[in-house]
Amino acid sequence: MKTRKILGDILTYILVLVGIILFTGPFIWMVSTSFKLPADQYTHNLIPNPASVVNYVTLFQKLPEFPRQIFNSFEIAFLTTLGQLLTCAMAAFVFAVVKFRGRSFLFTLLLITWIVPFQVTLIPNFIIFSKLGFVGSQVPLWLPAFWGGAFGTFLIRQYFLTIPRELAEAARMDGASLFQIFWNIYLPNARPALTALGLFTFLGSWNDLLHPLIYLPTNQELTTIPIGLAMFQTQYGGRWTILMAGTLISVLPIIVLFFFAQKQFIEGIALSGVKR
Amino acid sequence: MEYGLKALGREKFWLWILLAPTLIGLLFGTAGSLLATSTLSLFKWDLIGAPAWNGIQNYIDAFTKPEFLLALKNTLVFSALYVPGTVVASLLAALLLNRKIRGVGIFRTLFFLPSITSAVAVSLIFSWLYAKDNGLLNTIITQFGGQAVNWLGTKNVMMSVVIANVWGAVGEGMVIFLAGLQAVPREYYEAATVDGGSGWARFWHITLPMISPSIFFQTLLATINAFQAFEYIYMLTRQGNGNSSVPVVVFSIYRNGWRFFSMGLASAQAMILAAFIVVLMLIYFQLEKRWVVYE
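The listed protein sequences correspond, in order, to chains A and B.
To convert a position in the first sequence, counted from 1, into my numbering, add 811.
To convert a position in the second sequence, counted from 1, into my numbering, add 100.
These are computed hints drawn from the structure, not numbers from a lab.
A hint or two may mislead.
Listed next, the stretches of chain A that the computed footprint assigns to chain B, with coverage defined by at least 3 CB atoms under 8 Å from CB atoms of chain B [as the list claims (entries may be wrong)]:
#1 825-838
#2 906-919
#3 956-966
#4 976-983
#5 995-1008
Virtual Cβ for every residue (Gly too), placed ideally from N, Cα, C.
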């Protein structure tokens, strides 16, 4: 029995090691390539010899807009996140706590929209934004986030329902308004759900390719980091050391964010997966 | 009677303020879009001139011209490979990292890293791994005496895109499965051990039914993602002429709408995609009733 357990453990560790190589190997190879001299890009050693930051220097010389694109991505992702958190939490509060006629009807309607794929909204949104003269600006990328959404509202509502009703009822006795109950009781108590939604939204916006592709045509100054990278791929095709340096810089902010908010990330996914 | 606090006096006004964004989204965002897209799908329009009535010609074109049929076929093939690939790989990763071993937290983090990386970045990394000459994969293969593979060539490109996409998705699926696995009560396993059930029997008769809601959810999510696949296709299969070597439906919508400005045709294709997704979801929910075990 004991030897079986030890053998099982050894097998587990071997499989885990294989997994680690599979999932981190490509990242390690990216880092390694990005520190090689361009002439050494086809050498196969893992540790660059000689190691050099020349690719990063070239990158910022040839593409001075790179930091600007990172900033643009941040700006859009920040506004998108803000919009979703605010408007989804507002609606979630009403659906979870306030009694009014048509509540379950409206909520069901909202949930039904969850199955409508966003591709259906692409063309009408584009037409409206182009009539309003917003095509080419960042507005179409974050403004729709201020219209709530089925996923976010549902996620937060489910969490709001776990907050004991007695809290709200007691506050009501003391004369608190609905808005005060929302702001002072529900929002502060729903931090895990809000963090989860915030992280998903931020990540989704940061990584989005299709919408910026449609709305932000080839202007390097205005565009986001995924588009910047895609254009960069065309321009520097085959120059892997520089391409990998650019890729590394693009993933770095998210990896840093992830290491700070790792627990919330993983709990958030679990939360959205189990509660649905 | 349902639970709820009543809005008093002026609060009724605030109630609607709180709901306003969602209502606008429902009305204009979803309902309006559906209406607009379905209407546009009956017109021919280049965004500039006046829209011209086209009847159901756009739909006829979609289903008779080879371009969209190919996109549809590619989407189905992609989904047929991607969905089982992601679900099985995520489940295996979760089973592995659900064991009580030292350092399991760090391992989970490392397995999860690709999930937070953008499709664009993953694609760039993989296009380097896939490079025909001197890419890491071919270097390893030739080192062991194998033949170099043209990973992104016509024959293999679909498989290569699926592999990169699954790689980028396993971490998230793993977390969903881990949550499901951890919700299985210990006593079930203890009872099975007393009864002398083997590891395989325990997996088959306890674990699998108990996590069937997670399997269902993960399959549903993967299917939706597969039908909406775009980023990896765009990054890994774009050709010089702006087409893709394996165009999928969303790629076709993008190209017709924003490269050729055939808004009517793009709308018809978006409606067809939506119909596919809705029908699939309805089928899934029917299957859920039969197969998924809820306590």
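Out of the numbered hints, which ones does the structure contradict?
5
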